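J.: With chain A's structure known, arrange chain B on it following the hints.
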Amino acid sequence: MASSDFTLSVADCPLIQVEGWDGTLSQFESSLSASLGAKLPASVGETVRHQSLLVIRIAPRRLWLALDDGTRAPTLAIDPDLGCSVCLGEGRVRFGLAGLDISSVLSTCMAVDWHAPAAAPGRAVQTSFHHVPVLLLRTGETACDLIVPRTFSRSLHDWITDHQASTENSLNHAGGNTRIG
Amino acid sequence: MNARNKRLPEGGRIDRSHSIEFSFDGKGLAGYRGDTLASALLANGVTLVGRSFKYHRPRGILSAGPEEPNALVTLGTGGRREPNLPATMLELGDGMAAESQNRWPSLAFDVQSANGLFAPFLSAGFYYKTFMGPTRRSWKIYEHFIRRAAGLGRAGTEPDPDRYEVRHAFADVAIIGAGPAGLSAARAAAAAGARVVLIEQDFLLGGQLLAEQSDGVAASWLGQVEAELESFETVTLMKRTSAFGIYDGNVIGLIEQRNQDRPPYSGQARQIVTMLRARSVVFATGAIERPMVFPNNDLPGVMLASAARIYLNRFAVLPGRKVIVATTNDGAWRTAFDLAEAGAEVTISDRRTTIPPALAVEATRLGVAVRTATRILDLRGGHCVKRATLKGPDGRFEAACDLVCVSGGWSPTVHLASHLGVKPRYREDIGGFVPGAFPANQFGAGAMMGLHATADANEDGHRAGIEAASFCGKSAPVPAPSKLDLGETVTTPFREVPCAQGGKAFVDFQMDVTTKDIELAHREGYESIEHLKRYTTLGMGTDQGKTSNFPGLSAMAALRGATIPETGTTTFRPPFTPVAIGALAGRATGHHFKPFRRTPMHDWHLANGAEMLDVGLWMRPWFYRRSGADVNEAYVAEMRHVRQAAGLMDISTLGKIDVQGPDAATFLDRIYANGFAKLKVGRARYGVMLRDDGIVFDDGTTTRLAESRFFMTTSTARAADVLSRLEFLLDTAWPELRVSVSSVSDEWAAMSIAGPEARAILAAAFPSLDVSNEALPHMGSYEGEWRGRALRILRLSYSGERAYEIYVGATAGEQLWSCLLEAGGPLELKPYGIEALGALRVEKGHVAGPEIDGRTTLDDLGLGRMVGKRSGFVGDVLRRRPALLAHDRQRLVGLECMEDGKRLRGGSVLFRPGEKATGHGWGRVTSVTFSPERDRYIGLALLAGDLATEGSEVVAVYPMKAETVRARVVSPIFLDPQGERLRG
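Top to bottom, those sequences are chains A and B.
Quick note on numbering: the numbering used here labels position 50 of the first sequence as 50, and the sequence is numbered without any gaps.
Just remember that the numbering used here sits 1000 ahead of the position in the second sequence, which is counted from 1.
Bound-form chain B, shown alone:
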């Protein structure tokens, strides 16, 4: 081993027979199977691995787990480029090419490290305070440069070629964490008869046991338990899998990493998100060691004591030869002893005055220098720590070093356990937060519950496993756990309070938050821990402050003169670890981004030149290419044709609801604002539903098929909402009503013939049917059969023309559609699309989604007369609120474009002529179309005040295109106001 090569000649859990080539910033390096990228970098003597977020300070590897704030790298190129990956979590793979981040031109020489010179100006709140002027728009200019200067890695912009997977899984007992507690819990739960899933973020099981020597008692215990677990058919071991969130119903979000470093095999998923539903959960998530806060504590070569022990014992890497171990607790002494045994020169600097005698004896045996009541005052070095200034009972002294191991105590990993609202509880005896009271189906075990001795964790895991299995009704006899005692001493730790000191003392390494930033936040009144977080960005990095939360709140508590429990913690929310968007999407990309809904006539539309349009989940014919070269030409031609001859429209997308029962009429009387109880059998009626607050919810037509049976249609967009609303009201408001509501939207193919020739076409298509005005009047209906399938014909008009809606069993839809076209051929029947349909309804002044927009009332839409003096329907009470009855509310009007060669646009804001076009104006244009009838653009609008009087003139402003056009206010019914066409 030389200065660059820090790999020990033997030991560790690496496979020395399998060498792996990889690169870091283009430089070729070598490691072994079983390495992480971090361990391989350390083994190659690479201590400088990144630059800090704000000051671009040199940073090294701090930890050996997902809490890593410094060693973030980018992997891959092109579409596979993925930034901000902690090197500590990357399993080394052949050909892995990692890049450091946030530096230019190189990691060793980063121009932006000059930011450090401006540090006094870059304190918390710097951006908020500095970039406020001179005008409000100035931020838009600053933002560009600030965003370029700040940030971590940059994601690729090319499409990701890899595949991701989302799947569902189930278990009796899910155990998160495969350290001693988790392993013991898994074994107990499985022995009790439970179906167990054991989740481990690492590619090896063992947790902190992997920090023990690979040939010792811990390794032996681990091997035995792992073999036992693998022998259970009912146990699933999920390695390389992180639990990122806990959700209602014990649903656990898991992200499994596969092939992180290289292109996957054909068809394989690169990452898999599993939504695991478990009847009970055991949290065995361990604890995260805290760094210590002192000036220049971020220099490369400063490492968590537990991490140094992992690199030494698991990866056979000796990360330093002259080591200072700075600690507040017993745990770090084991690191010191192992480093000393591996040949390092070690000095322990312990903040405590009294040390357990066993530790002192062992230190003497191994030649470890011990300094009690001693702390680090400062560190010096460039790309690696070189000297430390310490202060003890005998005063200040200096020591040369190339590694500083720090341990400020342990924070139980309570994040996941808190996701469902379990409030962490502070325990003075361990100086950390543990979960509060769990719900009955969740359990905690081991270090996350404050039990830091391995023997205790083992016993506790066993107990938790039995209890979790018992919750699931699995109570087979469970053998006693195998003993595991590593002889640790655990005493009450010394709690050091971070305070502002001479140099930069970092609390949050990733977000470059120092003790001075916390002091500033306190001085400026941001005392709440939640305010502190947002003002300083403490804990807001990709590591979510796993190492910084406790030191940060501890510092604020001291500044406020408050206790830790009084200061509290921030709220832990998912995700615990970053999750790629691609993994969350899984297979729902491209063609499968959403499910498509096709009408029974879909194939006919495609075969006959329809240009299709996604309308929500539906695919609908937008227009037919035979009608025109583009949509604008086609829809006007289709409109003209409907007005002059006849058109056939696929309306299968309408919501259709079967309403049955002795109380069905009463029910409809309550859910519609206008009455339905007196509707005669065989007749249809237009109806409007209100929300509870009196705002219009949806409209549609309901037909009375029999005394106790109705056929309701809703708008396409609101079909599901209306059904859900009806079911809700029947279940909660009126359970006494004997009514059944069922969606029959998929049951019926629906089509509408509209136009002057509609009746003649209907007669031709159904020769035995009496289609006379007397037999089938406007709002009349017919029920029968067509070729053995159920048939319904309703005479309703949306276009203003004589029209018939024809419903037939879905399997016969295309057949009837073709039959109608054939029968109507001699009368020029042609299909038309939804662009023309929308335009026809605007001419007729029918309101639709753009007008029923969740803000309008019946009176706003000119429908108030339908209700009259009725009462007792949903929304009746709150629609009478003064604000909804105010005379100055916007109400529905028609608009007619007054300028030749110009057009109206939906969304335009309406102003008085000559008025400055700023603000919200007097109203807005909701729907527009070119009207062949008027030979100009017309529209519907919601308009307030005296402007809403017919004959008024308004200016419609469309800021997106800087268009302004004059329009005249007219009746919203542009066509046949007496309804002669549709009734004739």
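One chain only, chain A, in its complex shape:
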């Protein structure tokens, strides 16, 4: 059986997407940084936490502002000549996964190298889960969040809960290969 410490939680995911235009990106970023009172992640996959706000760079000119559930969204006044914003919080759900077996569980559903620097704690990885685009936020050594589209969330939740229990049994029984990470 899988280790009993594996947990899966589900929460809403307040989220704002902001994007700057090519050519005026540095002005856009300065302006945004000032509005948020926080520096912005420099490269794709980097995240910066500022109080209850996590800033994630998901594309060279695009950032996601993920708020802790229940917190109020910051007021953003983005100059249309510099960029734009759109709310995505109604359409996303945040799964919180934790447990010693988390890498084994995830290895059955997504191609993310748990040991790679690109997926180190504090990093974000855009990937797919059962053909559905998701964002993996590595929140700890044995924990991560998945930001998944709301319309697929129940299906993906079922996938994890239906299969998590048998994963360790399947992968690590006597005679099987070891240390796949």
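Simulated from the structure, these hints should not be mistaken for lab results.
Misleading hints may appear alongside valid ones.
Once the Cα atoms are required to be at most 25 Å apart in a straight line, the calculated SDA-like pairs of lysine to any residue come out as [said to hold, decoys possible]:
1) B:1594 - A:10
2) B:1423 - B:1572
3) B:1386 - B:1361
4) B:1516 - B:1473
5) B:1504 - B:1384
6) B:1239 - A:10
7) B:1680 - A:80
8) B:1680 - A:85
9) B:1129 - B:1520
10) B:1594 - A:85
11) B:1594 - A:87
12) B:1594 - A:7
13) B:1680 - A:87
14) B:1239 - A:111
15) B:1054 - B:1142
16) B:1594 - A:157
17) B:1504 - B:1383
18) B:1594 - A:12
19) B:1594 - A:96
20) B:1678 - A:80
21) B:1594 - A:130
22) B:1239 - A:101
23) B:1594 - A:80
24) B:1961 - B:1901
25) B:1140 - B:1119
26) B:1594 - A:111
27) B:1386 - B:1142
28) B:1594 - A:126
29) B:1594 - A:103
30) B:1678 - A:126
31) B:1054 - B:1095
32) B:1916 - B:1901
On a predicted model such as this, the values are computed, not experimentally measured, just so you know.
T.: Coordinates of chain B only, in the frame set by chain A:
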């Protein structure tokens, strides 16, 4: 040891303390842990293990690896039944029940072995030439009998009860093959600091080292390296795992076998497919020994020399007592020596005239008879070889034998290395193909690179391991490799060319392809190696010709008078070894076959009697059971209700795209065929997009929310395609445009109220909202909030009735849906499903997926007027091609059924009355519905020529049900052509 029991009293890598009971064709036998099924069968004196594909000739075990063409068996029963498994790769397990294949009534007496009598008629191309007539349909009759007669094992038909797994894994360095080169590479790469995965198809590491005596220097080296590798935290050893394909980005497809012989423990996977992503790959896949081609070379008892040595030294099985070792190279001499040491009487028949002196001295010491410049002319025997006819410098002679070991040289295993397009390169000095130039992140080592001496392979693997780790930036100091010298002699092999001879000389054992078949193919012009393959089926079996490719191309090269490089090889493609479909599917079966997409109102639909329908990935309400007993009754009732009162439809599945930026209007002007730049804020417009080639791509409605912000909706089916297209155009065609496009499909719950009472219901649900025609006209919009959530209302109609699309934040979707139903209750608001939705749009003459089918133009669909004289939009240039402007193109029409009690069907082909109903006709019916308005079946169709004139009569033929019905061509707009209902 007796004639039946060929197990030696000691030696081998088997666990004699663990006896295993198994059965073959129902007969109980015994083996040991550490045996394969093949070794256990040989140990029990079983030489006849299968029947050949076409001629049903008796066949024995040829090899000791995945190249085995003959010894294919079926394991398991019921849903676990799995055919065509090479006995050489099956780890013997307790209770294993194996069956031979392709024989009736028994393996020893197979009725279809009579096929051999008809061999002259069963040559290559026999089916193509013979079963051509008398009519074209005759093949359908022949095929049934041919398929029953041919083939190998038969799969089970019951559901497979076992579970399979697909997973993803990562490594710095992946090493394929755990022979001396692979082991050495793994050790070096790990010592350099790389994360290493070592992949081995066998259940033991060692590769060809396992053919060495189990207490010798090779065994000692192997034990030491294995212990070293296990001590590395960064090394993963994957035994029982075959690499079946190499794909872009160094993705390696692996299939791991578990519990092949018995039901797995609860919850365990029987087989696991791993998609391994490696930064660099070392191919250490070794080489496969080639058989020799001479008459009756397929008799049981003919075995690859290397295989005989493996059975002897690894499994302690002496496969024969009177042995002829026929060879073209030095390697097989080691087999002869080991067999002689084990007590066999051995004669070496070497095609070469000169032999390395060391071999001759050793042969003399062991009493091995040596015949140089000698070849086998023929073999005789029934279920096992008994006599051989040979020819040497002194003429022909005969020799009794019960085992013939053959070695026609070695073919480096270049298959996997070729999957990504690395062309094999022929090396004359080794008489085989090696990989061509590798990309920077791939390396080759050992025998697969033509290094057949173990010492060389060891050194080469070490080098490859260091280089592969270095590619990943891992360059810690690596200790020198442990020396391993087995004292092999390696000289340039003699290349024997297979040629047609007296009896059946097999080139491809599994597909029963002989030298005569190759000669026939050449005679008939199939000279290309690719044509040869397809004409004769050479190399097309489950073994993919691992032992036959080189002899086959060698024979064709000789017939053409061409060199081997000129003749070339066939293309090696995945999979290298067969992979069960169940393993590829993994857990994506049943409920998890695909991810389901649910709208925010999904639970309400289920709780309120909706019959759900899978629409792509979405689950949508098809109809509500309260509306009728079945879909046909329900959708008509729901349609009537919408036309007479009001209906509520869940349209959350529509694609929704947020388009923002100073250049958003310019962008939309380019991607839509009709203009959007002048669309006023607060107004919506129907738009059509074209593909680059001028064909209609998708349609939808876009609303201008602000000067630089638009809300686009697309069809449900094309939502992802449209977004991808927009992103592509912004990234490649117009990067200068300051526009952002984002999918907000999941963001909004969407519902539509349609019907004469729609406005009143809207007013009741949103009392503070001015819903008058002036404030919210047709194609008007409203933005606001509902209970703290964003709200959008667009007045659009798909049904032809007055209608409003209402969008609210997804988390409030079900709440608003219920609220609307409550507010609309007094006005008879009821939900309706997509069957009714589709029917309503047909009555209104709206085109949808069946009409926008990737073949139709704007003019075909009657939408050409929307464009007028505009230009500069995507698809504008190519839509003007003459073929797309031709007057005889099929165009959209309406059809009305003319016969009482009959119906139209989608997909029907349209003909003129009295015309013979053959071919493609003049058009086709795209969509149909029963129309309560017309009280008959109506439809939309694409129809060509003068038939497309209103008032014409056509005959709709539906061949699937042999139905024919007369219909009248009418306007595609069956309802309210002036649009008074929707504007009123």
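J.: The structure should be examined with respect to each hint, and the outcome stated for every one.
T.: Right, here's what the structure says about each hint:
1. B:1594 - A:10: holds, 21 Å
2. B:1423 - B:1572: holds, 9 Å
3. B:1386 - B:1361: violated, 29 Å
4. B:1516 - B:1473: It is violated: about 54 Å lies between the C-alpha atoms, which goes past 25 Å.
5. B:1504 - B:1384: holds, 16 Å
6. B:1239 - A:10: The hint is violated at about 38 Å.
7. B:1680 - A:80: holds, 19 Å
8. B:1680 - A:85: holds, 22 Å
9. B:1129 - B:1520: holds, 13 Å
10. B:1594 - A:85: violated, 32 Å
11. B:1594 - A:87: violated, 28 Å
12. B:1594 - A:7: The given pair, whose Cα atoms are some 24 Å apart, holds under the 25 Å limit.
13. B:1680 - A:87: Holds, at about 24 Å.
14. B:1239 - A:111: holds, 22 Å
15. B:1054 - B:1142: holds, 16 Å
16. B:1594 - A:157: Distance of about 13 Å is within 25 Å: holds.
17. B:1504 - B:1383: With Cα atoms ~16 Å apart, residue 1504 (chain B) and residue 1383 (chain B) stay inside 25 Å; holds.
18. B:1594 - A:12: Cα-Cα ~24 Å, so holds.
19. B:1594 - A:96: holds, 22 Å
20. B:1678 - A:80: holds, 20 Å
21. B:1594 - A:130: holds, 7 Å
22. B:1239 - A:101: The given pair, whose Cα atoms are some 22 Å apart, holds under the 25 Å limit.
23. B:1594 - A:80: violated, 40 Å
24. B:1961 - B:1901: The given pair, whose Cα atoms are some 16 Å apart, holds under the 25 Å limit.
25. B:1140 - B:1119: OK: residue 1140 (chain B) and residue 1119 (chain B) at ~24 Å, within 25 Å.
26. B:1594 - A:111: Since the Cα atoms of residue 1594 (chain B) and residue 111 (chain A) sit roughly 17 Å apart, the hinted pair holds (cutoff 25 Å).
27. B:1386 - B:1142: violated, 39 Å
28. B:1594 - A:126: holds, 20 Å
29. B:1594 - A:103: Since the Cα atoms of residue 1594 (chain B) and residue 103 (chain A) sit roughly 22 Å apart, the hinted pair holds (cutoff 25 Å).
30. B:1678 - A:126: violated, 38 Å
31. B:1054 - B:1095: With a Cα-Cα distance of about 31 Å, the restraint between residue 1054 (chain B) and residue 1095 (chain B) is violated, given a limit of 25 Å.
32. B:1916 - B:1901: Holds, at roughly 24 Å.
Checked against the numbered hints given earlier, the structure breaks hints 3, 4, 6, 10, 11, 23, 27, 30 and 31 and satisfies all the rest.
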